[in-house]
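Q: So the chains spell out like this:
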Amino acid sequence: MNEVIEWQGYLGMFDENALMMQSPYIHNDVLVFGADSDYTTMAIAGLHLLSSRGIMISEIRSLPLVNPSAVKSATGVTVLCGEEEEACDWNLLVGEEATLVFTNDLERDLGFHGPSELESLDSTFYSDMQAAWEKELSSTHVSQGAYVSEAAYMEGADARLGFMAQSHDHALVWPPRQMDGDGKRLQQANSPLLASAVVESWTKLSAAGAPSEFALRAPVLGGIQTVFVRFEQGPCGVFLVADDEQYEPSIGDQVTFVVRRIYAQEGLIRYGMKAIPASN
Amino acid sequence: MFLEYRVEPTASTHDFNRANQMLRAFGYGMVDVAVIGAGQTKYGNHPSGLKGMWAEAAEQAFASVDQNFEPRHVDEAFIGSVAFGGGQLGNTAALLTEHSGLEGIPVRRVENACASSGFALRDAWMAIKSGQADVVVAGGIEKMNDLSAERRRFWLGVSGDTEWERLAGLTFPGTYALMARRHFHEYDSTHDDLVNISVKNHMHGFENEMAHIRKQVSFEKAQSGFMVADPLTLYDCCPTSDGASAVILAADHVVRQFTDDPVWLRSSGAGSDYLALHDRPSITQVKATQQASSAAYKAAGITAADVDLAEVHDCFTIAELMATEDLGFAERGQGGVFAREQRGVRNQGDVCINPSGGLKSKGHPLGATGTGQAVEVFKQLRGSVEDARQVRDAEIGITHNVGGSGATCAVHVFGRDR
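Protein sequences, first through last, are from chains A and B. Each step along the first sequence adds one to the number in our numbering, with nothing skipped, and position 60 is 60. Each step along the second sequence adds one to the number in our numbering, with nothing skipped, and position 362 is 1362.
Possibly wrong hints are sitting among the right ones.
What the hints assert, rightly or not - Distance ranges between label pairs, derived from CB positions: (1) A/Gly267 with B/Arg1151: 29 to 35 Å; (2) B/Gln1216 with A/Met179: 19 to 25 Å; (3) A/Gly181 with B/Gly1131: 32 to 38 Å; (4) B/Phe1226 with A/Leu110: 51 to 57 Å; (5) B/Arg1151 with A/Cys81: 35 to 41 Å; (6) B/Gln1132 with A/Arg185: 32 to 38 Å; (7) A/Glu248 with B/Phe1226: 14 to 20 Å; (8) B/Glu1386 with A/Gln233: 33 to 39 Å.
Stated by the list, open to error - Covered stretches of chain B (chain A as the covering partner; in silico rule of three or more C-beta atoms under 8 Å from a C-beta of chain A): (9) 1037–1047; (10) 1074–1080; (11) 1185–1191; (12) 1273–1283.
If you're looking for bench data, these hints aren't it; they were derived computationally from the structure. The beta-carbon is built from N, C-alpha and C at its ideal position, and this holds for glycine as well.
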């Protein structure tokens, strides 16, 4: 019987080198994603889990249900989604329900034993959240949200999804900056920032007070929570709390970070790090 | 944090001051600047559009000049506006001035978020100081209540850090809530101190005919308001207001053509800070305010203790609490105690903070707020406000106008004497 690993808000199960990731949520006997998750965020979590076990992957072949650029920024792994014929040892198999399998041996029969109990999502919550995302992603929906263009989003993607920081004057700078006080350009962000921080302040915005890009989902969630944190290596940042977390922050809490959906605009999902308690 | 702060008077203000001292030593000097007129619309849900509101404010300002004033006397105009809603995003100033008899003069829109007209006032002051103009109009305008709720929520967030703060769910209620909770954690301050500020500003604004929200609020009611961004409630947040304001500045050598009762604009200080909270060394103080006030006090030759009244940028009650520290009215960390001890109450405390009711009660039409504060100080120093809210024996007043969560700030010192 394999171990069930709670990992970045998902469940992971190993069969030798193969890994199955699944959502911890169920609705009408079907595994479903939580409020701000999808195949991309779960694939990123799975690659992080594999990496933590010493299984390093540089390329993986997948159906086009994951966002390759988000995975690349968050993990450094190249996702091949096309008809390319290049040799690729690893495959990402996308399940019909909220499951993924990472394997480097398609011939072998895999066997995973999932958890005996899963968290059942409230029907109203689930359907309202689905409807909100569907509307947000539809081409006819014109969001009045913050306009972070695709170019601006991609420019900051490595810092946003992979916590890549700049090394400057023996300290780490994050989020990246352009020039220093001497008028010199800072280096590219290529130093990883450890995903460990302490909450220095926090707030919960009511649904009515939430920015317009969250206007569809904030009422379903009962508001949105944001933490102001200081990383162990010095820089500070602000992050949403992952939407599935039943967590009210306190100053002094240790938190870590997971990749989740932030919001969608012009059909493009913006992914980013969200905070979860470090105990998770 | 990676770049160190330089909390010093800004170079430009410093240079003006030094140059002026040198010139005076040789019998010359830069001109002094006076306010000769000031006016504004009532803040709130205004029935007019941009052109009508601006004309109303300009008309009030022109009419407040004691003698011989005509629009043709104006050499230049600076109008602050965020252009909320995007209705007249480009060439706002050209459109507005042509509707107030000012067509043909150099004009421009000044944009620095909620500090837009504070910086318009600074630009106007500098235009006269430099000798380029003798009579200048500084004003501001915003129309905020003619948008759908969703469009308004978008525009309310455009002046914060879009790429990082906004994508973390933050607009200004959120950023100021983070500052408030941290201040409570670091110092002897509580939400009840913010409640005291709210009650005070509603009390001050109750008598102000130009105020958006003219109602007194009990401590208990303000304490139990609807939570907007924990720990900030509805009673900690200013309203979104329509409004326009205008002041007329004149060089000392032409002042007597227009009035024998000028208010002198003794100095202008300004500063800036990182746009996003996470880049600042501390989120419980606003360095831009410290820079701006330090420069303005120094140039005017005063200290905080000399100030009789202050129009302070209380977009949220925590902003006023922190400003009382950054402006020097309270020691670091003692802003809560200052509010608790009612030291900012009119004719009762050390200094009257927000005699107009502040942004909380008078209202906050973003681009109009800075010069609207100047309208209040002008009238207070001339003794021309409603009797019930006159600050007694007021000689020196300041305005404190902040952009965003503290990325920009302008502080001006006004006096009965030069």
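Q: Run every hint past the structure and note whether it holds.
A: Do the hints match the structure? See the list:
| no. | hint | result |
| --- | --- | --- |
| 1 | A/Gly267 with B/Arg1151: 29 to 35 Å | 21 Å, violated |
| 2 | B/Gln1216 with A/Met179: 19 to 25 Å | 50 Å, violated |
| 3 | A/Gly181 with B/Gly1131: 32 to 38 Å | 33 Å, holds |
| 4 | B/Phe1226 with A/Leu110: 51 to 57 Å | 53 Å, holds |
| 5 | B/Arg1151 with A/Cys81: 35 to 41 Å | 37 Å, holds |
| 6 | B/Gln1132 with A/Arg185: 32 to 38 Å | 36 Å, holds |
| 7 | A/Glu248 with B/Phe1226: 14 to 20 Å | 19 Å, holds |
| 8 | B/Glu1386 with A/Gln233: 33 to 39 Å | 56 Å, violated |
| 9 | 1037–1047 | violated (count 0) |
| 10 | 1074–1080 | violated (count 0) |
| 11 | 1185–1191 | violated (count 1) |
| 12 | 1273–1283 | holds (count 5) |
In this structure, the hints that do not hold are numbers 1, 2, 8, 9, 10, 11, in rising order.
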